[in-house]
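Just so you know, the sequences run in chain order A and B.
Counting the first sequence from 1 gives a position; the numbering used here is that position plus 27.
Counting the second sequence from 1 gives a position; the numbering used here is that position plus 26.
Among the hints, a few may not be true.
[To be verified] Taking lysine-lysine and the DSBU-like style, the derived pairs with C-alpha atoms no more than 35 Å apart in a straight line are:
hint, chain 1, residue 1, chain 2, residue 2
1, A, K73, A, K98
2, A, K260, A, K46
3, A, K77, B, K53
4, A, K46, A, K77
5, A, K73, A, K260
6, A, K46, B, K53
7, A, K73, B, K53
8, A, K98, A, K77
9, A, K46, A, K73
10, A, K77, A, K260
11, B, K53, A, K260
The hints are simulated quantities; they were obtained by calculation from the structure and are not laboratory data.
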Amino acid sequence: MPTMQSFVCDRYKLLMIEKAVNLATDALTIILMRADFAQVVPFNTKYYVKRINVNGNSGAIGLTFSNTPAKITRAAGNFWTAGFAPGNYITTNSANPANQGPFLVYDIDLVGPGLWMQIVDLTGADPTLTAGVEAAITITFEDQLPTAGGYVQDANGMSAYAAVQYDTGGYAYIDFDPVNFGLAMMGDIAPTAGALIWDDDAAADEIVGFFDFGGNESSTWPDYLTVGNMRFKIA
Amino acid sequence: MLFTASNHYKYRLLNHNVDWDAPDAFKYALTRAGFVFSPLYSTYGCLNAYRNGATTFNFGSQSIARTTGSWSTDKFVPGNLITTSAAGSNYGPFLVTVVTTLVLTVTDPTGSMALLTDVSTSCAITANDELGSGYGYTLGGTALAGENAGLDLATDNAYGFWNDIALTAAGGDIGPTAGIIIFDDTTSDDCIVGYFSFQTDRIIRDGTTMNVNSSTVNHI
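So that you can see chain B by itself, here it is in the shape it has in the complex (with noise of 0.2 Å):
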């Protein structure tokens, strides 16, 4: 499994914010099909962002833009699949690729051209990259256990690590997910450690348990 540490970890971490020794409560989080991560990914909140129908969007131009608010204080960041309550092909979903204030830039799931009808329109926005809840996983992360701090004098790291997580599907298969987030829950802001890549989707059978062993986050 291949791990990408979030920038906003890393800011926590020199902040003085996060604790693996006594420790913080952490979670993990599985994502959705096809979810591809990126460091940009701050907090928990940015798999589930979420605006309203309050605020007037306009479709267009491989973009939907406001002028008012911001898309990153709401929490949306490049990666995002995410979809809307408008009607027809602006209903999504789309994949989000740039982030600014104002304007998000989006493609299709696939990464082509996304077929936006020009329109300006109040709706709701989701994004949709933690799997739902259901067969023995629950929307929301699952705490971990036993974590630690290590130090690793052969490669001159500090680290965190916990118990390895055992998921069992019961009822029916959990996925397809692309892999693992982990995260700060005692954090304010739920502050995202990283990810776990699987670097392919992978399905837990019913009755079958999925193990992530050991797992460690190189740090610093």
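Here chain A stands alone, though its shape is the one from the complex (with noise of 0.2 Å):
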């Protein structure tokens, strides 16, 4: 059996210590994540924060690539606010075969801030890339399983639990019913390394945490996947 490990996302617990979620009450959506997604960049919960971190893309923008280590560098804007975070798994529609991926985010820029990501490949390994300055490209990131077979994005919602006061163990804790993935759709459902559940109630969609699976799992109908266990703690 893998290891499954939980990750809570740091910008989360702030706004439950400001009121600003409710765990108990908000709609919660939770998503199976792409294969291999977080088993060579580990889980970030400082930055991998937001629904805006899972997919998206930077637009039409001007881009420099550079090696060693391998970067791509833009000249103003901001790679943080358009939701890259490091664990992404992104491509390019760079002309040059060698810029255009797939690559990992291995880190962001801090500083400047957000105008470079250094990247690696699917293995952790420094790439080489085609080195020099190129205009109009996009870099997508997605790090959400497609919608296919029994798998539709962003579909699965989850509400309404009840906080409990553990005495005997010294914390408190929600505990989520199980989700059953594929069972409606009637399909079989893709490998997927974990599932990561954010808040639509939140102001920007926080993330609340992610389920580690450990490895990648899958089921053929008419199995089905099925995520259950989910507890929330405060210890």
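Bring the two chains, given one by one in their own frames, into a single complex with the hints.
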């Protein structure tokens, strides 16, 4: 059996003590992540914080590709605010095959801020890019499992769970009901590395956290994939 | 100082009842000498838990039992130092070690066997865990200032913080006191956030000021 891990995002913790979110009553969405998500670049609770971090694109912008380490640099704008985060699976529409990807975002400039991204290949190695300036390039990132077979993107909601004070254990918790993927759609579930939950009632659909399956899981219809035993705990 | 959060505060946070950003009105209270905090202290009322004399209690066998009502509802918790209005050795003080709905298990204040006299009687029972008023300290808690929420990205913790506490003794000593209870005066039950233990009893001497610097409460 793979070892599951769970992560709670830092910003969501802050929103909780600011009384800006209510995990017990807010509408939540649970999604499945792509194969190998967080396996090479670990899930980052500091910067993978909002729904916009799951997928999006840069728009057509001028980019400089450079090496050692491999970086993509923009002249203006901000990769952070565009939604990019460490761990993203990215591709580009560069005419140079070496610059098309796919890559993983390894780090993003904190000082610029957000002017460059360091990237690695899908094994975590430093790739060799075709160095130079390119105009009107779009970088696309997508970390959610595509809509196919038994999975539909953004379609699984969760809500209304009771908080419990557990004095014996010295903590408080909310248990979520199991979620079945593939059951309603009557199709296969492609390999997925984990499930992510965001809060639809939070100001920017902040991510509550991520359940790392510890490896890729899949299912073949009529079996379905169930994510269960989900507990949010304040200890 | 060592901070311990109450279980109830964790529940209140999870249940959308506590706000460090707006923020709620938080207060601090000083505890008696020798006080040892349990995370079961859930509300400010636990410090001064009280049951009036309308109930008949059965003293004996290291316990004080009742046949109706609930010790928990009356806010008694393990750690309470209680006295009663009963006569003789049943007056106390006693240290509460276990609380069930109908039975308080007690020891003497040092943890040794309590010398209770077997009897059924009506009396009032009071917990005395907060320092009494005097010389600059006021029973009931003192408002904190500058409360706000913070996020420590190095430790991945969200936390509440407030301005330093400065308490000056005037006309006499304050204490000895074992630590500071922080509670949320805005929540309907005055939820206890947690407890800063001084780890030894402290006395604020007449004319001096005790400063508690930049206290933070690591939450989650």
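Status of the hints after comparison with the structure:
1. Using a Cα cut-off of 35 Å, the hinted pair A/K73 and A/K98 holds, with the two alpha carbons roughly 21 Å apart.
2. The hinted pair formed by A/K260 and A/K46 meets the criterion: a straight-line CA distance of about 17 Å does not exceed 35 Å.
3. Restraint check for A/K77 and B/K53: satisfied, since their Cα atoms lie roughly 34 Å apart, inside the 35 Å limit.
4. Between A/K46 and A/K77 the alpha-carbon distance is near 17 Å, which keeps this suggested pair within the 35 Å criterion.
5. Of the supplied pair hints, the one linking A/K73 and A/K260 holds, its CA atoms being roughly 19 Å apart against a limit of 35 Å.
6. Taking the CA atoms of A/K46 and B/K53, the gap is about 18 Å. The hint holds against a cut of 35 Å.
7. Of the pairs offered as hints, the one joining A/K73 and B/K53 holds, with about 31 Å between alpha carbons and a cut-off of 35 Å not exceeded.
8. With a C-alpha separation of about 24 Å, the suggested pair A/K98 and A/K77 falls inside the 35 Å cut-off, and the hint holds.
9. With a C-alpha separation of about 19 Å, the suggested pair A/K46 and A/K73 falls inside the 35 Å cut-off, and the hint holds.
10. With a C-alpha separation of about 20 Å, the suggested pairing of A/K77 with A/K260 holds against the 35 Å cut-off.
11. Taking the CA atoms of B/K53 and A/K260, the gap is near 26 Å; set against the 35 Å cutoff, the hint holds.
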